[in-house]
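Trainee: Taking UniProt numbering, the leading residue of the sequence shown gets 1, the next gets one more, and so forth.
Treat the hints as calculated values from the structure; they're not laboratory data. As the structure is a computational prediction, the values presented were derived from the model and not from experiment. Warning: the hint list may mix true and false statements.
Label-pair ranges, simulated between beta-carbon atoms [to be verified]:
(1) 200 x 70: 23 to 29 angstroms
(2) 203 x 135: 46 to 52 angstroms
(3) 200 x 270: 23 to 29 angstroms
For every residue, glycine included, the Cβ atom is placed at its ideal position computed from N, Cα and C.
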Amino acid sequence: MDRRIDGLRVVACFMVVLLHVSSAHIHEFGPTWWSANVWDGLSRACVPLFFMLSGSTLLGRSETLTDFFRKRALRILLPLLLWSCFYLWWLQHNHVPTGNWVLAILRGPTMFHLWYFYAIAGLYLFMPVMRRFYQNGTQQEKLFFLAVWFLVASVYPTLQGLYGDDACGYLRAGILDDVYHLQHFGGYLGYMVLGAYLAERRIAWQKGAALFAVSAAGTILLTYWLSRRLGAPCEFFHLYLSPLVVFAAAGAFIAFFGQPAGQSSARLQWLSGCTLGVYGLHPFVIDRLLISRGWMNPTGWVWLDPVIGTVAVFLASLAVIGLIRVIRPLRAMV
């Protein structure tokens with residue numbers, strides 16, 4: 001595998017953990033709010049990067065429909081079932097009513113972060129159709145799709161949320177979906193096309209790094225501005241389809257793909273192979289390692305503690321997943 005893909009996958013996974021460790025303090029103003037806002041803003045590109053990596057590796061590939069769905073089912077459905085059952089057990093263990101497990105899994109995520117598995121499963125269903133468009137479309141047609149997607153899924157919903165809601169809003173296409181039926185350009189599909197498109201371009205990594213830095217800084221400052229205006233913390237600009245998050249994800253992607261291509265080392269391949277399992281396990285580790293033990297603020301330094309917690313959770317999750325993956329039949333599940 002290309003070292004740029006494996007490296008970015010590991011970084012995106014680390015960013016997910018940083019996001020979930022730091023965001024514990026972003027819901028109320030206090031001594032830790034600014035650090036939470038900064039770390040949260042710097043890590044918000046994490047999940048979009050996963051979608052972009054999927055697009056960069058899948059949209060240009062040619063394989064039969066049967067092969068595609070067989071591989072994707074093993075890659076996504078097995079981990080989805082495993083982690084859904086694991087967190088249902090955990091909830092039940094903590095005396096939270098779970099009801100019928102089959103129905104609970106069919107209804108949606110049994111833990112907040114598992115939404116990604118459902119989203120990627122839905123996108124995979126559309127992938128064979130999108131693949132035909134991408135492989136046969138001209139550069140102008142691809143740019144047209146990306147431009148309309150950005151307007152429909154990001155820009156208009158952001159303006160609608162800012163000026164159409166008195167409280168902390170959310171992204172919705174409104175009239176673009178209800179009247180003009182542009183929902184085909186909505187959602188996270190555009191990230192997959194964006195990833196495939198940028199992977200084919202040769203853009204200097206320095207430009208990507210600069211775009212990421214400026215966009216992340218803008219996200220942080222606008223979050224402060226809106227929160228002050230509303231008188232309460234508001235994560236509106238942290239949403240995954242917020243325009244600046246789109247730019248930050250594109251910048252991070254370019255920063256990696258602007259590097260020379262090359263084969264991943266064995267260690268990097270191993271780390272990359274563990275990322276889906278780390279993603280599935282890390283909320284449990286955050287709870288057991290940090291929250292229940294009172295270790296969310298081990299040093300009292302509000303800027304350093306989220307990083308320490310993130311490293312501890314990432315390494316602990318990695319150790320567990322690495323041990324599980326030693327058992328060959330379990331590798332497909334984590």
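Trainee: All hints, please: hold or fail.
Mentor: Hint check results:
no., hint, result
1, 200 x 70: 23 to 29 angstroms, "27 angstroms, holds"
2, 203 x 135: 46 to 52 angstroms, "22 angstroms, violated"
3, 200 x 270: 23 to 29 angstroms, "28 angstroms, holds"
The earlier numbered hint that this structure contradicts is number 2, and it is the only one.
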